[in-house]
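Novice: Note that the protein sequences, when read in sequence, are chains A, B, C and D.
Every position in the first sequence, counted from 1, becomes a number in the working numbering once 154 is added.
Every position in the second sequence, counted from 1, becomes a number in the working numbering once 154 is added.
Every position in the third sequence, counted from 1, becomes a number in the working numbering once 154 is added.
Every position in the fourth sequence, counted from 1, becomes a number in the working numbering once 154 is added.
Relax, there's no trap hidden among the hints.
Since the list gives no way to pick out one identical chain from another, each pair is judged satisfied if it fits inside one copy or across any two copies.
Cut-off 20 Å, straight-line C-alpha distance, at most; resulting in silico cross-link-like pairs (SDA-like, lysine to any residue):
| id | residue 1 | residue 2 |
| --- | --- | --- |
| 1 | K355 | D408 |
| 2 | K402 | S321 |
| 3 | K256 | L285 |
| 4 | K178 | L490 |
Derived by calculation from the structure, the hints in this document are not laboratory data.
Next come the chains, spelled out residue by residue.
Number of protein chains: 4
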Amino acid sequence: MSYRVGIINVTGYAGMEAARLLWKHPGVELAAITGRSLAGQRLGDAFPHLAVYGDTLISPEIDVEVDIVFSALPTAESAAACEPFVRKGVKVVDIAADFRLKAPGAFEQWMGKQHPAPDLLPQAVYGLPELNRDAIAGANLVANPGCYPATSILALAPAVAAGIIESQIVVDAKSGISGAGRGSGGGFGYSEVNEDVSAYKIASHNHQPEIAQELGALREGVEPKVTFVPHLVPMTRGIHATCYAPLKASVSNDEVRAIYRDFYADAPFTRLVGSPPHTKHTLGNNMCLVHPVVDERNGMLVAVGVLDNLVKGAAGQAIENMNLMLGLPQTMGLDLPAVYP
Amino acid sequence: MSYRVGIINVTGYAGMEAARLLWKHPGVELAAITGRSLAGQRLGDAFPHLAVYGDTLISPEIDVEVDIVFSALPTAESAAACEPFVRKGVKVVDIAADFRLKAPGAFEQWMGKQHPAPDLLPQAVYGLPELNRDAIAGANLVANPGCYPATSILALAPAVAAGIIESQIVVDAKSGISGAGRGSGGGFGYSEVNEDVSAYKIASHNHQPEIAQELGALREGVEPKVTFVPHLVPMTRGIHATCYAPLKASVSNDEVRAIYRDFYADAPFTRLVGSPPHTKHTLGNNMCLVHPVVDERNGMLVAVGVLDNLVKGAAGQAIENMNLMLGLPQTMGLDLPAVYP
Amino acid sequence: MSYRVGIINVTGYAGMEAARLLWKHPGVELAAITGRSLAGQRLGDAFPHLAVYGDTLISPEIDVEVDIVFSALPTAESAAACEPFVRKGVKVVDIAADFRLKAPGAFEQWMGKQHPAPDLLPQAVYGLPELNRDAIAGANLVANPGCYPATSILALAPAVAAGIIESQIVVDAKSGISGAGRGSGGGFGYSEVNEDVSAYKIASHNHQPEIAQELGALREGVEPKVTFVPHLVPMTRGIHATCYAPLKASVSNDEVRAIYRDFYADAPFTRLVGSPPHTKHTLGNNMCLVHPVVDERNGMLVAVGVLDNLVKGAAGQAIENMNLMLGLPQTMGLDLPAVYP
Amino acid sequence: MSYRVGIINVTGYAGMEAARLLWKHPGVELAAITGRSLAGQRLGDAFPHLAVYGDTLISPEIDVEVDIVFSALPTAESAAACEPFVRKGVKVVDIAADFRLKAPGAFEQWMGKQHPAPDLLPQAVYGLPELNRDAIAGANLVANPGCYPATSILALAPAVAAGIIESQIVVDAKSGISGAGRGSGGGFGYSEVNEDVSAYKIASHNHQPEIAQELGALREGVEPKVTFVPHLVPMTRGIHATCYAPLKASVSNDEVRAIYRDFYADAPFTRLVGSPPHTKHTLGNNMCLVHPVVDERNGMLVAVGVLDNLVKGAAGQAIENMNLMLGLPQTMGLDLPAVYP
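Chain A with its partners taken away, still in its complex shape (with noise of 0.2 Å):
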């Protein structure tokens, strides 16, 4: 017998992914599938590279029976919809923003608007298993990480953990245009960004306390102060982090590779890898690959990290958190080579 999973906004590029994610797992069923602009059409009909889905339809609103809900839904949308579920007592993974930052006032101050259902917040687990596994675990309702706080904490937390880095933190980002969402309309028409590369809202990102909370809970006394950075690359699918903190005192290249194996070992999904990683090779797969290299020359730590922004950094992940919660393997479901070329 198999879980009932349903999601809301199948038709933003997160919710289309755990679709497609969720079609050969072997321990859920996909029960309801919602977007509201195609309510009523046949998934494979709206989106072509699902149609082994068959007749499978959208829904206006998830109206069976379900153990578990994904919300797809657009930052500071979101909340509201989960919020009936989480209070029915159906188990919740946010996908978008909505419950990730805990400070009061934080939500607010980030997204320009009121939460509508502050209450839920402290009993939203953040949801990196690599961090917070067993929290995952006991969850009724976990908020699914953004996709560069993913990549930036997966990059930094072990050195952090470990403390050997001061808390003087750059996050240099650059990720695939699918961030930026499937309904985002003109400023990222292919001719605009293809051959281009531009920062944006430097050091304004919401994603900047997300990254600055996980990271500082690592370690008792530790607050982060990061400076975020993201990029638009030209490319669809994919996240690359560059993370620079000066080392607190002089470390070999062996021994923070190490740790960082140390911090790893019984993470499926993270790896430490010899080389500098390509985000091509996560396309399409859940892993997160990490690379710690120190500059001596300058005392610098310099830790890369790379996935896919619309699997570890989205449908995978929280995917992932479902196996966890509903006491499935971790990695049912995602052991996954990745596409490539």
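Dock chains B, C and D against the given chain A, drawing on the hints supplied.
Specialist: Here is chains B, C and D on its own, set in the frame of chain A:
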């Protein structure tokens, strides 16, 4: 108990794609993989996207018992590697072009060298299940179709078989760069082929006789005259074939669509679609999408086919053939959504 | 003393490309530029790549004296804007499709609305100097060719004029995404069209009658039946047209090349090349490269043409026409290398 | 009467870009071009985008009188080719890295071989006019900046010169693939680098000491510690450097912008912009766009610079240096719009 598969030349794009697709195949196991330049390395070290394979090593030769062998060597090198397996009764799928052309002298004419095992040519079955399912099921040696021919033949076969088009056919095909292979060198450097479209081997590509041969076998007395022009477009994967043939008599779009629907009624991987298909709708899976349109003003059939050149155009097709040859369900391991966007 | 040029709608890709190319034109000055949505802004603020223009402002209307006007408005909006200038004797180049189709009712049939100034159609000259240089020089209203027709006609004209091909013609055209225009919205988002090829408007694009009309004018009694299929490929600029027509009689490659060489002997911007041309070889300049090949096996002519859709396919062509209309040297301001790689 | 220019190694991307840009330069003529592998060919046959050059031949050596020579040979091959011209009094711009590092032993340390003409190093002027205009004007040998250093130094120079930042600097740079050069082989094949971002030579690239050297010369007592990490992104042209340095004291965005505005008040090709610049805004022209932002939360300066690696990062910069060395106006032949989109 699962069947044991060997891949010769896992270091090319078709070979590594076979490894990727076989990872989750429930009926077989990957028992041996070869790759001269990388022999002795772990597969996942050589190709990080295949890290799931853990300790699997690349060997210089297939030196264990296997039930079936895929050869992913370059055309004109493959036959010699396939020959010993065929002779000792191991089933073989040749992904290269070495066993495709049946006419005496055709291999010599188009490849410019002697065939090393011409006595095996008569037993080789052209591995397109939409045309030859039963023959493939009984074959010991299958010639896997070329990526351009697979697309073109699937776009045209119903029309040829129904006798509704004249024999003067134009196939204008557009391919992603991975079709040129992994070791294809300087002419395919990023800066040279990015932001560029060009034709090549105009009316002189060795896929032309392959298309003509297989279309000609579909109907008594038909000798298609195929003008085939391949083009390179700046993407990694995907083939789009636009095929043109004068209609013998007036026929409506509905009639043509009915002919196509009937022809592919039992084909799990070729699907008639109602609007021009996108190569991206098949990225990473084994589907071929076809779309015929009648140009009524000019009495011309326009038939479009799209697929992923490394899957239905190479490794996925090889696995589909393998399934038939081993008596497994045709779709086993291949019923996957595409990766989109 | 230089002539004064006005550009209507500098905010589209064709309009801004005209501004780019005119910057170094020694015979004219840019006297007025309009763009409703950006009126009042400095050109270089609205479009940073045009920062060389310094304080030049975008106006709502052309309200200064000009010698010639380019309209870069969308098709079916342009004629109304051109009309007053034509009526008061200002020379006009319409980059849109509004004055191209001559047959009564053709505009209505293909654009789906009434032409606002049908009485001006007879005086409009089709602005392809390779065919109509003298008429353009004497014209007050020039209909600048569409990007697809320019490429296709230049690829086929010598063969049609020489009478060596049958009238059943296939034009398979591939275009970069900028051909869809700047305001073209969601269907052309990066993540949707990257790594993708697709056909659209199969045998129903309004460039089809334009190609047929102009080819038909090349030789007495010829009525070309053109099957035209446009495709989008993932690049920003460039058009590649591959044209197919049965040869009436056997003819050698050398003979065909001689026909083309003679036809374009005096054409400064259309050049016969000896191997398949790359769109990239014309990026940013006004060249069209043509390459005819005889498919001897099948008695078929394959003629390739490539150009930059925004230059020889739009703004550069408009300037070439302007040069002729103003009595300036045909190549003035346009004899530029392409940008490569 | 115009000056005579020679280009050594027109067959690399920098060399052919110099030829492209010199075509319309009103003060010089291209008198000689060399390229060993293509000697004897017409320039426009070897490189169709340069067909405007007509009968100009590629020679094995510069064997005519020239006033100035550009060497576009690879680093560590260039000095030997430049040496004879310098010794006989011909002005030289070395586009390679051979004359950039001044510290004794630096060349040997970073390039791994002996410098062939170390006695010439003291007279070589670092060719960044924003810093060294007068010295360049009086130089006989100019070391043209590397593409990464040009971008990074221009992004940081005003802040370093003003003394507002600490010496611990991070430069995170993203480059298009053409930076790897034309003959750069397999690792830069389209299918490998498309849809991919990766870092390389983390904290070990030879542009790191070049950046540190030139920033250190800007202010007495400053010894910048530069952590430099280059990345490849899937585009052909363009460099985006994002630079990070802790601010010594609180300073506002307005103050920083005033510092930058003053510093570049007389610089025709470096422009302060008000929003994050796009590499695409400089495609094909000699502009560098800079954009400093204060991250007030963390006391960090973020300074972005973008340019076209083949123009302001190579051939355009060489021409700007040439203009100064020959007493021509600094902007001659270079005041061009960018090619967009």
